[in-house]
Amino acid sequence: MSDKHLSTQFDAELTNISTRVLEMGGLVEHQMAKSIAALAAFDAEQAAQVLREEERVNRMEMEIDRDLSAIIARRQPTARDLRLLIAVSRIIANLERVGDEAARIARVVQRLDAVGLHGRIRPPVSDLNFESELAVALLRKALDAFARLDPVQAVEVLKQDDEIDREFEGLMRKLITYMMEDPRTISTSIDLVFVAKAVERVGDHAKNLAEAIIYIVKGADVRHSPPQQIENAVK
Amino acid sequence: MPSTITLPEPPPVLKAQSNNLDFYYGSFKALKGISMPVYANRVTALIGPSGCGKSTFLRCFNRMHDLYPGHRYDGTISLFPDGVNILDKQVDPIEVRMRISMVFQKPNPFPKSIFENVAYGLRVRGESSRSFLEDKVEAALRGAALWGEVKDRLRDLAVNLSGGQQQRLCIARALATDPEIVLFDEPTSALDPIATGSIEELIGEIKHKVTVLIVTHNMQQAARVSDFTAYMYLGDLIEYGETKEIFMKPKRKETEDYITGRFG
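Just so you know, the sequences run in chain order A and B.
Note that my numbering has the first sequence beginning at 1, numbered continuously upward.
Note that my numbering has the second sequence beginning at 236, numbered continuously upward.
Since the hints were derived computationally from the structure, they do not count as laboratory data.
Treat each hint with caution, since some may be false.
Each pair of labels, with its calculated beta carbon distance range [what the hints assert, rightly or not]:
| hint | chain 1 | residue 1 | chain 2 | residue 2 | range |
| --- | --- | --- | --- | --- | --- |
| 1 | A | 187 | B | 479 | 53 to 63 Å |
| 2 | A | 11 | B | 317 | 44 to 54 Å |
| 3 | A | 11 | B | 244 | 37 to 47 Å |
| 4 | B | 362 | A | 4 | 50 to 60 Å |
| 5 | B | 244 | A | 4 | 32 to 42 Å |
| 6 | B | 261 | A | 4 | 31 to 41 Å |
| 7 | A | 111 | B | 486 | 53 to 63 Å |
Here are the simulated DSS-like cross-link-like pairs (lysine-lysine), alpha carbons at most 27 Å apart as the crow flies [said to hold, decoys possible]:
| hint | chain 1 | residue 1 | chain 2 | residue 2 |
| --- | --- | --- | --- | --- |
| 8 | B | 444 | A | 218 |
| 9 | B | 386 | B | 444 |
| 10 | A | 218 | B | 488 |
| 11 | A | 235 | B | 484 |
| 12 | B | 488 | A | 4 |
| 13 | B | 264 | B | 479 |
| 14 | B | 484 | A | 218 |
Which stretches of chain A does chain B cover? Using the computed rule of at least three CB atoms under 8 Å from a CB of chain B, they are [what the hints assert, rightly or not]:
| hint | stretch |
| --- | --- |
| 15 | 6–16 |
| 16 | 205–216 |
Yeah, the Cβ is synthetic: ideal placement off N, Cα and C, and Gly gets one too.
Make the full structure from the sequences, and use the hints.
See the structure below:
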């Protein structure tokens, strides 16, 4: 938002909302990276930290939501201000779900640790790491596009999500091979399928963020739109 | 349970069209080439900061400016279906005002009875039949959602009504002559929120019978009551479009700055 409102208080409220969205985004990004690190190291303590942080993420979502309602009630925003607030409401719901995915991974780590099954299978940690690095980087890029309200970068996020999907499919094939070769790895492999799926979902959430950013800046709802239509909307 | 079918709203029909309209207060050019449609049975809101020309534009529609010397129109306002240019000097302004009536910012009932206020325009037109006037007055008061409150005291002085009732009386007066367009110039700025709400509700109802053009400083009011919105600034029409588009995604930055409160 380059230029200012007549009401400086309104400006401050909107800036504050955006700042807290970014703060929440940073938190779930960190949570996600930590959950994968916990998996790589089979570190139950690190997994427990991820689960503790989830509560904080949930609280942040509720607080931002409450402030959004208050701004709408008091300011009756229009046009891009209204679009920003609607989009923020969607963005924080997606960020909260990223937190849920991290927690899901953390719980897998705790389970693997408890049953001690991890010795039977060497998890494809490097593939999972790679997929999750892609997903976390994409999330960061989406948050960055939000901070600068940059629709061009948002479009890049939409395109890059395909890479994660391809990684996910590759991982899936690998895990299926493990299970076919040695049925004793089935249980662990299924857990890892959930992890890979959780990471893949993070890419989807980053994509939703990108669509929300295009909505704020261009006023176009590009959800479920073919790529060409999205490019046109951003032009 | 029978399923209800919602019929799509019929496409708007043109009721009036201003074409390249300039207006001068003496040598001051207050309107600069305004071209804009007004659709039948729709509410069109004119918004913009003070001095943008929205009231000047509104007043062109019933030749209010004729009352002052030295004012000049350039361009046309065509009224449909006949397509007559209501700004044409050959056209009698009294006739225009029968077809296009006006409600003002402050309720301005005449110092007469409630009945006579509503019957006034009809009497000017030469109607004198008692039963005809009674029918028309009742219909107009019902149309303005005032009948129930005043039917037992039609002979009372109109000035004894509350502000909101007075404004609804003025709307009844504006409706009594069966106008095609009703102009509202800031109709609720002197009213409390409840009276404002009832006037807004009324505007939503009368549009089924007439076409409404409203000037308002209250942007939320424009957003609530209108189907189309025109944003004006310094005598120019900056943007015209469907209200939901203007308030959600205006095309021009100037419009967006104004409606989001960034105008300074």
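Could you check the structure against the hints above and give me the numbers of any it violates, in ascending order? 8, 13 and 16
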